[in-house]
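Novice: Top to bottom, those sequences are chains A and B. Counting from 1335, one number per residue, gives the positions in the first sequence under the numbering used here. Counting from 4, one number per residue, gives the positions in the second sequence under the numbering used here.
Think of the hints as simulated: they come from the structure by calculation, not from any bench. It should be emphasised that the depicted structure is a prediction, and the values quoted were computed from it without experimental measurement. Mixed in with the good hints there might be a few duds.
Partial list, derived from the structure: chain A residues whose beta carbon lies under 8 Å from chain B [as the list claims (entries may be wrong)]:
#1 Leu1353
#2 Arg1359
#3 Ser1467
#4 Pro1471
Below, a sample of chain B positions facing chain A; criterion: calculated Cβ distance under 10 Å [stated by the list, open to error]:
#5 Arg15
#6 Glu16
#7 Val19
#8 Val31
#9 Leu37
#10 Ala51
#11 Leu55
#12 Tyr56
#13 Tyr63
Glycine is no exception: its CB is placed at the ideal position from the N, C-alpha and C atoms.
Spelled out, the chains give:
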Amino acid sequence: VYRPLFTYPVAVATALLVLHSWRYRGRRSTVIFWGLGYVVAFGREVVYQNVFPTYRFSSSDLRLFGVPLTVPAGWLFEAYTSLYMAQFILGLDRDTVTAGEDRMTPRRYGGLVLPVLCLATVVTSTISFAIESVAIPMHWWQPRSGGEGMSPGWIPGHMFTAFWLLTLLLYVTHPPLRLRRNLLYVALALGFTAVVELVDVILPAAARSAWLYPVAAVPAAAYLGSLFMWRRLVLFFFVVFVLGVMGDVPAGVLASLFGVTRSGGVTSVWLAWVVCVMLAYGLWIVRMQRPERPARPVRLL
Amino acid sequence: VSETRRGSFVVREAPVVALLILMAVCLVGLGVVLRDAFAVASVAPLAAVLTLYFRQVRSY
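This is chain B alone, in the form it adopts within the complex (with noise of 0.2 Å):
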């Protein structure tokens, strides 16, 4: 088991990258197939989690 500050940044921080990959996938979904502008709002409060774990980290 590794530490958590060890690796490469896609594999430590694989579960932030994953999750950056489904808000990429949504906002294609939503932007270009569905073109539905207003449900690529459904994106914004993964994106606030995401600031506010950013923020947390940069604190560490």
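Only chain A is shown next, with the shape it has when bound in the complex (with noise of 0.2 Å):
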């Protein structure tokens, strides 16, 4: 219902995104960040539509093996506008983040490129608070389990596939940001995610054959562990997934003490504490992260 209301204003948008892309990071980081970023993001949506149960797409666009052509630009459009706002409020850009070297260090990726990335996952959180608000009540895309209204979780969810998407373009794209342990952390990152999006089914198949728990234990421990490379990384993982994706814990509890108990109003204080976490990180990002005299950025990651 409504979707041209949606799709031709955002494809003008995304339209304008690829030719800035083109004109102020250069031909080949546009051929890379939109031709593999649509094949990545293509890829992820194949998986979820065809193997994990958390949603399905109801609109009538085109599609391909059950995925809607228009939506891995959708997460393109989520990445490069999230990536350009963060360099602008952190005012660092690639010459202020590689200072210069050829080789990245992972000090320096620690500290100067994991903030913008995960102040970019912040602004997503925002952009996909505001998409999911619409799409959910007009039936574009819907939860597997039914329901009318958008789980919070999706918010955290959003902001875990920007960082290993935008981990991995980054990588791709920029040669003196290079960091081996990138690609072990963002092919970590989907075991980690196939274990999570398919729990409700491993633990009744384990129950039945034990040998199913060290399959599914080892990528989710193994990702665990390689969070712990840099702080920043252990600090971004707490956020979203502690408080963002678990946050219905904290947020029962808040209700309970409003004396909020019925489903859609627990909902609605999971998803405000949820928005003020992301908000709240953010904030902290901007002011922990920010150089004493940041400079517009003149040569865009």
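Quick one: dock chain against chain with the hints and give me the complex.
Specialist: In structure tokens, the structure reads:
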């Protein structure tokens, strides 16, 4: 319903973004970001539509393997605008994060690149909140479990996806930013996502076939271990996963304190909790990570 | 590759223009089509981020 209301203006906006990328990031970066990025985002959606039981698309857009062809572009819309905003808010660009060096060090990556990526995911959370609030009531996509409301857990889900997608695209696009451990991180993040999304399938199956326990536990444990590459990564996971995806627990406590008992009310408290936590995280990043004298970004990441 | 100060406003600030378009679409969807005044507030965090961006850019 009313799908063209969204599709056409956003298609024009996306075309503007590609033009912007071509002009300010160059041909090579543009082809990688929008070409490779589309393929990767499309692959994610194919898995979500055919393997993971989270949501399904109900719009009549042209599809391939169950995925509307416009949806991967939506991921890139979020990722590109978020990365741009984060760079300008923090006043960091390609020259400042590489410091003129050909090779990136883990220390510099953690201190300068990770804050940009983490703040970009906070911007992503605000974009996804606006989009999901329209998309679910208009039935463009729906939770497979039914229901008419957005799950607040989807907002940190967008952040998590934007984070590994941007990590991968920055790795491929900018040789001076490359650290091999980031490819490992992306692979482990995908494995962790699979375990989390399939947990309701894995646990009953593992009760019958015990060998499934280690098969599921190894990628999850490896991912959690990989977070300790950087303290900022541990904090990112804590905010996004513990406070966001699992935020229904503190939100439930808050709801009971305020005497909110009906299901819709508790969900609203969870939603408000997630938004407040993410905005507070974003403000903390700006306060702690912004250089003393930020300069206008010239060469974009 | 151009320097980020050059170019027409629409292209130079395309990510901001894109987010403003998105906000407008969401506001029309929530306010006019769905008539859900409460849900209109879902655009507020994005508006806050854009405000922070404009404040920051002015200081450069």
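Novice: Per the CB criterion, is tyrosine 63 of chain B less than 10 Å away from chain A?
Specialist: This hint holds: tyrosine 63 of chain B lies near chain A, its Cβ roughly 4 Å from the closest one there, short of 10 Å.
Novice: Holds or violated: the hint that tyrosine 56 of chain B contacts chain A, with Cβ atoms closer than 10 Å.
Specialist: This hint holds: tyrosine 56 of chain B lies near chain A, its Cβ roughly 5 Å from the closest one there, short of 10 Å.
Novice: Given alanine 51 of chain B as an interface hint, is its Cβ closer than 10 Å to any Cβ of chain A?
Specialist: holds, 7 Å
Novice: Is the interface hint satisfied for leucine 37 of chain B? The criterion is a beta-carbon contact with chain A at less than 10 Å.
Specialist: holds, 5 Å
Novice: A closest beta-carbon separation below 10 Å is what the hint needs, so does glutamate 16 of chain B meet it against chain A?
Specialist: holds, 8 Å
Novice: How about serine 1467 of chain A: closest beta carbon in chain B under 8 Å, or not?
Specialist: Holds, because the Cβ-Cβ distance from serine 1467 of chain A to chain B comes to roughly 4 Å (cut-off 8 Å).
Novice: Do the numbers back the hint for valine 19 of chain B, that is, is its least Cβ distance to chain A under 10 Å?
Specialist: holds, 8 Å
Novice: Does proline 1471 of chain A pass the interface check with chain B, least Cβ-Cβ distance below 8 Å?
Specialist: holds, 5 Å
Novice: With a cut-off of 8 Å, does the beta carbon of leucine 1353 of chain A approach a beta carbon of chain B closely enough for the hint to hold?
Specialist: OK, holds: leucine 1353 of chain A within 8 Å of chain B, min 6 Å.
Novice: Is the interface hint for leucine 55 of chain B satisfied, with its Cβ closer than 10 Å to some Cβ of chain A?
Specialist: With Cβ-Cβ at 6 Å, under 10 Å, it holds.
Novice: Identify whether the interface hint at valine 31 of chain B stands, where standing means a beta carbon of chain A within less than 10 Å of its own.
Specialist: holds, 7 Å
Novice: Report holds or violated for the interface hint on arginine 1359 of chain A, using the least CB-CB distance to chain B and a cut-off of 8 Å.
Specialist: holds, 7 Å
In summary, this structure violates none of the numbered hints.
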